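J.: One letter stands for each residue in the lines below.
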Amino acid sequence: MLEPQDRLRFEQTMLPHLNSAANLARWLLRDRADSEDVVQEAMLRAYRFFHQFHGGDARAWLLQIVRNSCYTWLEKNRSADLMTEFNEEVHQHPSPNPETLAAQTDDRERLKRALESLPARAREVLVLRELEGCSYKEIAEITGIPIGTVMSTLARARQRLYRTLTTATAKEVS
Amino acid sequence: MNCEFARTTVHGYLDGELDVVRSADFEAHAEGCVECQAEMKAISTLRRQLQQSDLSEQASPDLLERIRKQIAQETNEKPSKIRDFRRALLVPGLSVLAAAAACLVVVLFIVQSHNQSGRITAELIDAHVRSLQPGHLTDVLSADQHTVKPWFDGKLDFVPPVADFSQQGFPLVGARLDIIDGHEVAALVYSRRKHIINVFVWPYREKEISLVNSGSRHGYNWLQWQSEEMEFCLVSDASAQDLRELENLIGQ
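Order-wise, the sequence lines are chains A and B. Counting from 1, one number per residue, gives the positions in the first sequence under our numbering. Counting from 1, one number per residue, gives the positions in the second sequence under our numbering.
Same shape as in the complex, but just chain B (with noise of 0.2 Å):
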C-alpha cells in the first residue's frame, strides 16, 4: 500500500468499515509511515471533537404535535372493524364461530400477557424520564466499574453485571436503585453521544411472559431481552440501532 491510497483507507479503517484483510494491510503500511500515523491521530481528533461538541440539533415538541396532527389527519380513523364484523356475522356455520372461539382465547391469552409486559414497560419509561430530572439520574456518579458495582453490595439481593464500554462509545455514567412492578431494581446509566440510556436490571421471573422485546413509546425507544437470570431492559432516545450495539456489549 502507498501513501496515497493509504490517505484514503485510514478513513475506513477509523471507521471500523474495512475487512480483515485490507485492515492488516492499512496496518502494515502505517506502523512503517510517520506521516499516515499523523493523518491517523489528526483524523481521530476531529472526529472526536464533532461527536463530542454537540453539535445535533433536536426536533422541537412542537414539531412533534404538528406532525402527529398532520398524520391523523391522513389517517382514515373511522374503523372499518365495524364493518368487518358485521360481514363476519353473514357467515354462516358453526364451525366459524368455533374457530372465532378458539381465536378468541388465544387473543385474550396474547392481550392479557401483552397487557402485563406493556404495564411494565411503560412504568420503565416514566422511570427512565424521572431520571433525567435534574439530580435524579445517578445516586452513585462514577465511570469506574469498580465503584459502582460495590456500590450495589447490601441494597440488592442480586449481582447486576457492570461494565464500563467507554471504548465502544458507550462510557458508563453512574448507577441508581428503581422501584419496577413493585421490585427494586438496579438502573446503570450509559451515555451515547449526549443521549442517557438507562439499563434497568432485575432477577428474571417466570410469570412474566415477554412477547414484545423492543419498540418505542413517546419518542423513547426501547429493548428488553432476558439472560438465564436476568432481565434487561434499555431505555433511551438514542436510536434503536445504538440500543442494539449495548445489548451486544452487555450480553458478551
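The shape of chain A in the complex, shown without the other chains (with noise of 0.2 Å):
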C-alpha cells in the first residue's frame, strides 16, 4: 500500500502528464471513449509501480506505460488493428510539391483521418514527434525502438502518411 507522501508526489510528478497520455491513447485506440479507460487503468499500473520511478523523464516513463497498456487492450479487443504491416523501405517518390500539399491538408479532418489510416506503429512515432514534441531519445524510451532506427521509423511513417494524403486527393478529384 502506498502512503500519503507517494500520492502527493505522484499528483505531482505524473499528473501534469495527463493530457500527453490521453493523446497518445487517443490516437493509438483511435476512440475516446476506449482510450480514457485504458488511460485510467494504465494511471494506476503507474501508480502502483511508482516506487520504479527514480526521478528523470516523468512524462517518457509515464508515456511508455500507456503505450504498453494501449497494446495490450488493441491484442484483447481489436487485434486486427495491429496486423497491418509497417517495414516497407522509404521510398524515392518523384519530387513532391509543398504547395499542393499546403492545400490538400489544410483540412484538419482530413489530416485526422489519413493519421488515422496509418499503422499503429506509424501512427504513433508521428504523433509523440509532432503532437508531443518528444525527442529521438524519448521516442525511444517510450515505444522500444532502438534509438538507432527512430529516424528511419519517422522517415517511414512521414512519407506513408504523406502518399496516404496525396492518393485521397487524387481519387477525390477523379
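All clues given are correct.
Subject to a maximum C-alpha distance of 35 Å in a straight line, what follows is the list of computed DSBU-like cross-link-like pairs (lysine-lysine):
| id | chain 1 | residue 1 | chain 2 | residue 2 |
| --- | --- | --- | --- | --- |
| 1 | A | K112 | B | K69 |
| 2 | B | K149 | B | K41 |
| 3 | A | K76 | A | K112 |
| 4 | B | K194 | B | K149 |
| 5 | B | K194 | A | K137 |
| 6 | A | K76 | A | K137 |
| 7 | B | K41 | A | K112 |
| 8 | A | K76 | B | K69 |
| 9 | B | K69 | A | K137 |
| 10 | B | K194 | A | K112 |
| 11 | B | K194 | B | K155 |
| 12 | A | K137 | B | K41 |
| 13 | A | K112 | A | K137 |
| 14 | B | K41 | B | K194 |
| 15 | B | K194 | B | K69 |
Read the hints as simulated data drawn from the structure, not as lab findings. Remember, predicted model here, so these are calculated numbers, not experimental data.
Hints given; two lone chains; assemble the complex.
T.: Here it is as C-alpha cells:
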C-alpha cells in the first residue's frame, strides 16, 4: 500500500502529463471512450509501480506504461488493428510539390483521417514527435524502438502519411 | 552522401537530431540536389501542418477526477506519522530532544519561507487561469517585440525583457499587466502548440526566499528562476520540458 506522501509525489510528477497520456491513447485506440478507460487503468498501474520511478523523464516513463496498456488492450479487443505491416523501405518517390500538399491538408478532418489510417506503429511515432514534441531519445524510451532506428521509422511514417494524403486527394479529384 | 541515404537523414536534420558532422554532410549534399531540397520542403510543410492543426486530445476533467479517486483508494490514508511519533517519544535522552528542537527550528524556517513562495506560486497560477478567460489574455495583442516592449513604457517602474521566439517554436502573442502579492508585474504571453504560456516578470525582491523553483499544481506546470535583477515565473499546461526550453531562450 502506498503512503499519502507517495500520492502527493505522484500527483505532482505524473498527473501534469495526463494530457499527453490521453492524447497518445486516443490516437492509438482511435476512440475517445475506450482510450479514457485504458488511460485510467494505465495510471493505476503507473501508481502501483511508482516506486520504480527514480527521477528523470517523468513523461517518457508514464507514456511507456500508457503505450503498453494500449497495445495490450488492442491485442485483446481489436487485434486486427495490429495486423497492418509497417516495414516497407523508404521510397524514392518523384519530387513532391509542397504547395499542392499545403492546399490539400489544410483541412484538419482530412489530416486526422489520414493519420488514423496509418498502421499503429507509424501513427505513434508521428504523434509522439509532432504532437508531443518528443526527442528521438524519448521516442525510443516510450516505444522500445532502438534509438538508432527512430529516424528511419519516422522517415517511413512521414512518407506513408504523405502518400495517403496525396492519393486520397487524387481519388477525390477523379 | 547519396540521395537514398539523404532521404532518411533529412528527417534527423529537420528534427534537429543530427550531430554537427552529419548535419554538415547533409547540408553539403542538399545544396547541390534539387530533389532533396524539394523533399525537405515537403516534409517541413507536412510537419508544420501536423503541429498546427490542433490534433491533440485533452484528458476530460472527468477522467482526472476518476484517476484521483482511484489513486486515493490505493493509498493508505491513515497517517503512519502517529505511530512514528509514539516510537520517537520512547527514545530517551536529552540529546535527542535537543537535536529535535534544532531540527524543528530549521523546519519551521523552511516551512515559513516555503509558505511564502507557495502563496506567490498559487497567486501566479490563479493569474494564469484568469488570463485564459475570454478577453483577459492580453492588453496588447502583438507578435512584434517592438510593439510590445514600448507598450510597457510608463506603466511599470522596470523594463521587462521582451523577445519573440517564433523561430524556436514559442511565438509571442502579447502582454498585459497583473498584480501579484500586491505588486505590479509584467505578464508576457507566448504560445506553444496551442498551449498558452504566461511569463510573469518582476524586479527581484530580496526578502523572497525561493526554495522550490519548479513544480505543478492543479495540472499546471510552473517554473521559477531569478536573474540578476528580475524574477521570472512561467505558468502553463504545456509540458515541463517546454517550460525549460523557454527558460533557456529567455535566459540567453
